[in-house]
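J.: Chains as they are written, first to last, in the numbering used here: chain S, 1 to 497; chain B, 1 to 497.
Keep in mind that a hint or two might mislead.
Where chains are identical, the list cannot tell them apart; a pair therefore holds if satisfied intra-copy or between any two copies.
[Claimed, not checked] Listed below are the simulated EDC-like cross-link pairs for lysine to aspartate or glutamate, each with C-alpha atoms no more than 20 Å apart in a straight line:
| no. | residue 1 | residue 2 |
| --- | --- | --- |
| 1 | 26 | 15 |
| 2 | 26 | 248 |
| 3 | 66 | 248 |
| 4 | 291 | 357 |
| 5 | 13 | 238 |
| 6 | 440 | 94 |
| 7 | 142 | 250 |
| 8 | 440 | 403 |
| 9 | 142 | 248 |
| 10 | 66 | 49 |
| 11 | 142 | 8 |
| 12 | 13 | 239 |
| 13 | 142 | 49 |
| 14 | 402 | 435 |
| 15 | 66 | 54 |
Calculated directly from the structure, the hints in this document are not laboratory data.
2 protein chains.
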Amino acid sequence: MERFTIIENFIPKNDAHLLEKAEAAKPVLLERMVLPLAGNVPASLGAGESATYDFGTHRVGYVTLKLGCSGSHPDAPAYFTVQFAEQRSEFEEDPAAYHGWISKGWIQTETLHADRLPCVVSLPRRYAFRYVRLTVLDVSRKYRVVPEGIECRAVSAVDAASVPALGSGDEMLDRIDAVAVKTLAECMQDVFEDGPKRDRRLWLGDFRLQALADYATFDRLDLVRRCLYLFAGTRFPDDRIAACLFTDGEAVADDTWFSDYALFYPVALAEYCQRSGDRETLSDLYEIAQKQIDLTLSMTDGNGVVNHAFVEATFIDWCIGLDKAACAQGVLLYALPFGITLAELQGDTARAARYRDALERGRAAAKERFFDGQCCVSNGQIAPASAVWLTLGGVLTEAEAKEALHSVLSRTTAYPMVSPYLHHYLLEALLKANDPNAAKEHLLAYWGSMVRYGADTFFEVWNPADPDASPYGGKIVNSFCHAWSCTPSYFLRNRLL
Amino acid sequence: MERFTIIENFIPKNDAHLLEKAEAAKPVLLERMVLPLAGNVPASLGAGESATYDFGTHRVGYVTLKLGCSGSHPDAPAYFTVQFAEQRSEFEEDPAAYHGWISKGWIQTETLHADRLPCVVSLPRRYAFRYVRLTVLDVSRKYRVVPEGIECRAVSAVDAASVPALGSGDEMLDRIDAVAVKTLAECMQDVFEDGPKRDRRLWLGDFRLQALADYATFDRLDLVRRCLYLFAGTRFPDDRIAACLFTDGEAVADDTWFSDYALFYPVALAEYCQRSGDRETLSDLYEIAQKQIDLTLSMTDGNGVVNHAFVEATFIDWCIGLDKAACAQGVLLYALPFGITLAELQGDTARAARYRDALERGRAAAKERFFDGQCCVSNGQIAPASAVWLTLGGVLTEAEAKEALHSVLSRTTAYPMVSPYLHHYLLEALLKANDPNAAKEHLLAYWGSMVRYGADTFFEVWNPADPDASPYGGKIVNSFCHAWSCTPSYFLRNRLL
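Here chain S stands alone, though its shape is the one from the complex:
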């Protein structure tokens, strides 16, 4: 499924004051030199031969190789590739065979010449990887390349080791938590990146989940605040908050708007304000946050049901063919209470009342339209996502929600949950349905299966029944360290144990 939007001549509306506050909160990155595990690296490489290094776990950073030579003096440039892989299986994919819909430019491969040997090759780009493969494409017949060493200057805003172990007494839960903490740490750079391999950007849907996990672990409120200011500081000309920002260089809003993501802005701001008590940030960002809700309300009909344009602009999940009407409605109803909280914190009683009214009417209309008494049905389609979001929207009673969720989870569906992002909201929904055991069980089953598969960090996309699935037409561009998968630490540390 190709999914992208292009707005001709899009010029974001920037607010210098807000961007300055974001800049002031820019973190100093921690740097650490790391080496690969000792392993069987060949003493020298001829044409077509390669050496693979295993750095032991996931790394984000800058790599330097030392190359020497054996035989006669090199009489031709050494021609070689350096490939980076988060999962070793990525090496089995042929980059030339990738013809998916996102750019091949994401494939972490460099093709290089060394005119002199020995030499030090300091690659200027940042990579996300555990494995590095050096392949000599060609040398002359007179010499061989000697891989003398490799090191990585790993970077992150935080040190994963600074978070105390979960110590749950359950080895798998501890392991899931540790992988989640590592995932989050690798994504905490200048901003909360969605994934350090791809897209390396500040995505709003991911950010809200990262902030939740951060509060339970690193508690870097400064980085959360920075990102809140960034989203507000560069936005659509009509004040909509963009689905993602480019922050490498001047912060620039992407010309992509996801209607559900925009609603997570007031959600994230409310959670931040509650945790931090930071009234200055609330005051700076309040109006922009509430505008996201107001805009959505202007896209509802007389009964408080979101219109087609809003539904079409939701993300919800990578699942193909999913009818998103019920989900979209659920997201609005999920966000409204956070808007009410913000209004109450800010003393904006008129708005709080207006949102309460919208919430009540929207829930009633949603129940009427999307619930048949047992199942959540969106334009005739029964899918887990609909049950998740109607539950989270408070449309169902606890008992109804529990039944709807279990019912849809127990049946085969053509519209499965594809992203760990949606699985996060399933856990939230199970907790809202007052079924913590089912939530814990699902956490163990779903995230546990990634751990058993060998995850050092949690993946962008994961279907235990189809580990090679990709929404992009090729696993080689999948991100295997993706922030929206890091919330087990939030659940395990705040809600489940």
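Once you've looked at the hints, dock chain B against the given chain S.
T.: Only chain B this time, still in chain S's reference frame:
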């Protein structure tokens, strides 16, 4: 024909004093910013699209590209190649299809990512080219790459424009001379390189010809002196002079010895000393130069004929299957008079006498063995190369030489002259046979055909009947600006007009 040697654990014998003198004569390179011709470059490039720049003539230097973008903000790295070609037809070759015996590393192609756009891409390697092709391998669907500009910082020890035009009155001769001067200038860098694309090294056989052409044009005696000191400063442990040196970094002798090339060292030294009157250099390098002849004499039989090991170690030409016995003998006899000149300059009368004796005996034996009264025959094989070198060795009378040369040139041969290098010695031989008209005619026919083919500089390999020939298994690694082809200027300025 694969042609390379490997000596295990080869450690050159270095002479710090000589290398210091070489270093002191290192030229300061002239730098000049050059731009491509105005041309039809597309306004923007999507995946698979390219822009080709024509710099108007051959360039050696460092290239900087400016890349911008159009459409949405770039949401993925731009992935692109930059290819360099001396001849536009190189672009028609598929680098992936080259499987010849020298390294693919010589193919002038870079594969790059731009993480941010707009950007300036300053390529750190030096290229030899007239044409540059920028090809976008992939971008995202949201933007296109805008090729905003390209420039080259061209480098050379000399300025080709500083040499006055030949002004022969013959347009083609003038053009041949200008292309030869340009060829030489492009190869005059820190040393006399054989070719700025490949091998970028100081090869002895090429160097002697470059020095000859230099005396007739730029007259950079300092650069000739530098190279003479380099060859002597790093050599085989038994004092043999290597066929080529690596000079990018510390000077290092290659573990390759061409017996004919080694004899060009006393030839080149004698010519340099005669032109410069530089007695210090003569004194420093005399013994090393004469050792090349002494070593060759130790490889002759009782009649003064070079042995099989010597013959096997000659280069002569890229021609496959050529019997080199007569040629090898001719090269010795060609070098001996230069050794005698050096001995006379140095007052070494004993050596001069010894060389005169060797010359006389060697010529007589050669005539006996390799001349049937009409043709030059090397172990039953009749080839132009044999007639060229026996003529240059003074084995034949003028009349015999003239007849032998014309006879072999007029017949079809299975062992043609492949390299312009050998064509140089054919011209020398025709002049020695007192046939300047034939020499001029051949110069016009052979080098003129390269000019008509579109040469901006003269090629490493040229067979007018087979413009795509390559000794390396693929034209894409051929060098189209090669020093050993630059001697028309020597002939036109010193000997023919």
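J.: Please go over all the hints and tell whether each is borne out by the structure.
T.: These are the hints, each one checked on the structure:
1. 26 with 15: So residue 26 and residue 15 pass the 20 Å test inside one copy only (17 Å; across, 57 Å).
2. 26 with 248: Close inside one copy (12 Å), not across copies (43 Å); limit 20 Å.
3. 66 with 248: Between copies only: 19 Å across chains, 29 Å inside a chain, cut-off 20 Å.
4. 291 with 357: Only inside one copy: residue 291 and residue 357 sit 17 Å apart there, 104 Å across copies, limit 20 Å.
5. 13 with 238: within (8 Å within a copy, 76 Å between copies)
6. 440 with 94: Intra 38 Å, inter 56 Å, cutoff 20 Å: neither.
7. 142 with 250: between (49 Å within a copy, 19 Å between copies)
8. 440 with 403: within (17 Å within a copy, 100 Å between copies)
9. 142 with 248: between (44 Å within a copy, 18 Å between copies)
10. 66 with 49: So residue 66 and residue 49 pass the 20 Å test inside one copy only (17 Å; across, 35 Å).
11. 142 with 8: between (55 Å within a copy, 10 Å between copies)
12. 13 with 239: within (8 Å within a copy, 74 Å between copies)
13. 142 with 49: within (15 Å within a copy, 37 Å between copies)
14. 402 with 435: within (7 Å within a copy, 106 Å between copies)
15. 66 with 54: within (16 Å within a copy, 37 Å between copies)
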